[in-house]
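Generate the whole structure from the sequences, applying the supplied hints.
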Amino acid sequence: MQPNLRAGDIRPIYIREKENIDDRSVIRIRKTIQKQLSGYKARVKHLLHCNGVEIPERFARPGTHWSRAFIKWLKEDVVLLSSSRLSLDLLVKQVETIRQTLLDATKSIRMLAQTDRYRNNYELLMSIPGIGVSVAMCILTEIYDVKRFRNENQFASYLGLIPTCHNSGEKTASGEKTFRGNKYLGPMIIEAAWIAIYRDYGLGMAYARYKQSMKPQEAIVKIARKMSNIIFSVLKNSRKYEPYRWDKE
Numbered sequence: 001m002q003p004n005l006r007a008g009d010i011r012p013i014y015i016r017e018k019e020n021i022d023d024r025s026v027i028r029i030r031k032t033i034q035k036q037l038s039g040y041k042a043r044v045k046h047l048l049h050c051n052g053v054e055i056p057e058r059f060a061r062p063g064t065h066w067s068r069a070f071i072k073w074l075k076e077d078v079v080l081l082s083s084s085r086l087s088l089d090l091l092v093k094q095v096e097t098i099r100q101t102l103l104d105a106t107k108s109i110r111m112l113a114q115t116d117r118y119r120n121n122y123e124l125l126m127s128i129p130g131i132g133v134s135v136a137m138c139i140l141t142e143i144y145d146v147k148r149f150r151n152e153n154q155f156a157s158y159l160g161l162i163p164t165c166h167n168s169g170e171k172t173a174s175g176e177k178t179f180r181g182n183k184y185l186g187p188m189i190i191e192a193a194w195i196a197i198y199r200d201y202g203l204g205m206a207y208a209r210y211k212q213s214m215k216p217q218e219a220i221v222k223i224a225r226k227m228s229n230i231i232f233s234v235l236k237n238s239r240k241y242e243p244y245r246w247d248k249e
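In full-length UniProt numbering, the protein residues as written are 1 to 249.
Treat the hints with caution; some may be incorrect.
[What the hints assert, rightly or not] As a list, the in silico BS3-like pairs of lysine-lysine whose alpha-carbon atoms are at most 30 angstroms apart:
1. K31 x K45
2. K41 x K72
3. K147 x K72
4. K41 x K75
5. K222 x K183
[Said to hold, decoys possible] Quick list of the computed label-pair ranges, beta carbon to beta carbon:
6. Q154 x V26: 25 to 31 angstroms
7. D116 x K240: 17 to 23 angstroms
8. I55 x P216: 26 to 32 angstroms
9. R119 x K75: 37 to 43 angstroms
10. A208 x A69: 36 to 42 angstroms
11. E152 x S38: 31 to 37 angstroms
What the hints contain is simulated information worked out from the structure, not anything from laboratory work.
Fair warning: this is a prediction, and the values are worked out from it, not measured in the lab.
Beta carbons are placed, not taken as given, at the ideal position from N, Cα and C, and that holds for glycine.
Shown next as structure tokens:
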């Protein structure tokens with residue numbers, strides 16, 4: 001081991017500050033709560049389907065599904081096949097409880113974003129298209145200090161945004177992102193990339209160009225990698241993102 005230490009082949013373990021450990025846990029717990037809520041909503045829909053209950057047209061539009069009116073309809077108007085509807089009542093109650101817990105967690109994260117240790121970098125990240133409160137705070141609490149990454153490649157590798165590569169000797173093919181890397185950040189950056197291609201002209205044009213020669217899922221990984229470079233640059237240089245000024249061409 002000593003020769004490896006002298007040669008610098010062994011990487012040191014990054015030691016986090018105590019405050020960051022709890023901050024990171026809050027963000028991760030919110031993600032878990034969000035998944036639980038989605039699961040219970042799916043159970044409600046499955047129960048309605050099994051009982052032959054059709055959701056009214058007035059709740060088909062975006063913004064009306066799981067609204068207060070929709071919850072009221074579930075509680076007061078839905079009739080199941082059996083004389084009892086205890087199963088539905090229990091599920092609806094669980095949905096309401098988890099929604100409130102998710103709301104509390106979101107409020108806590110917004111307050112955390114305004115603390116001295118996060119405020120400046122949070123505002124920098126919010127200037128990037130596709131990045132919202134949850135994604136920004138997930139980035140900041142997971143990486144904490146961007147200075148521990150030597151370059152863009154190391155940062156992208158930590159995010160899990162290095163595409164897989166298959167080499168047969170005659171042909172080299174790049175696929176979707178590798179499974180290595182941070183399991184929380186990678187998927188969130190991918191989701192942010194889908195939003196960014198509609199909000200940023202440059203990223204949207206790049207996606208359209210990539211899609212001509214590869215599958216959409218592979219193209220969006222390349223956009224996510226571009227966003228990784230943007231995130232790294234914004235945090236390292238402490239400068240907000242400047243959109244591509246296509247209107248001046």
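For K31 and K45, compute the direct alpha-carbon distance and say whether it is at most 30 angstroms. Judged against 30 angstroms, a Cα distance of about 22 angstroms means the pair holds.
Taking 30 angstroms as the top limit, are the C-alpha atoms of K41 and K75 close enough? Distance ~14 angstroms between K41 and K75 Cα, so the pair holds.
For the range 17 to 23 angstroms, tell me whether the beta carbons of D116 and K240 fit it or not. 19 angstroms Cβ-Cβ, so the 17 to 23 angstroms window holds.
Mind checking the hinted window 36 to 42 angstroms against the Cβ distance between A208 and A69? Because 39 angstroms falls inside the window, the suggested range holds.
Could you say whether the range 31 to 37 angstroms given as a hint is met by the Cβ separation of E152 and S38? Since the Cβ atoms of E152 and S38 sit about 33 angstroms apart, the hinted range of 31 to 37 angstroms holds.
Check the hint pairing K222 with K183 against an upper bound of 30 angstroms on the C-alpha distance. OK: K222 and K183 at ~18 angstroms, within 30 angstroms.
Need the status of pair K147, K72: alpha-carbon distance at most 30 angstroms? violated (51 angstroms)
Evaluate the given range 25 to 31 angstroms for the C-beta pair formed by Q154 and V26. holds (26 angstroms)
K41 and K72 were given as a pair; does the straight-line alpha-carbon distance stay at or below 30 angstroms? holds (15 angstroms)
Given a hint of 37 to 43 angstroms, does the C-beta separation of R119 and K75 actually sit inside it? At 41 angstroms between Cβs, range holds.
Lying within 26 to 32 angstroms: is that true of the beta-carbon distance I55 to P216? holds (30 angstroms)
Violated hint for the displayed structure: number 3, the only one.
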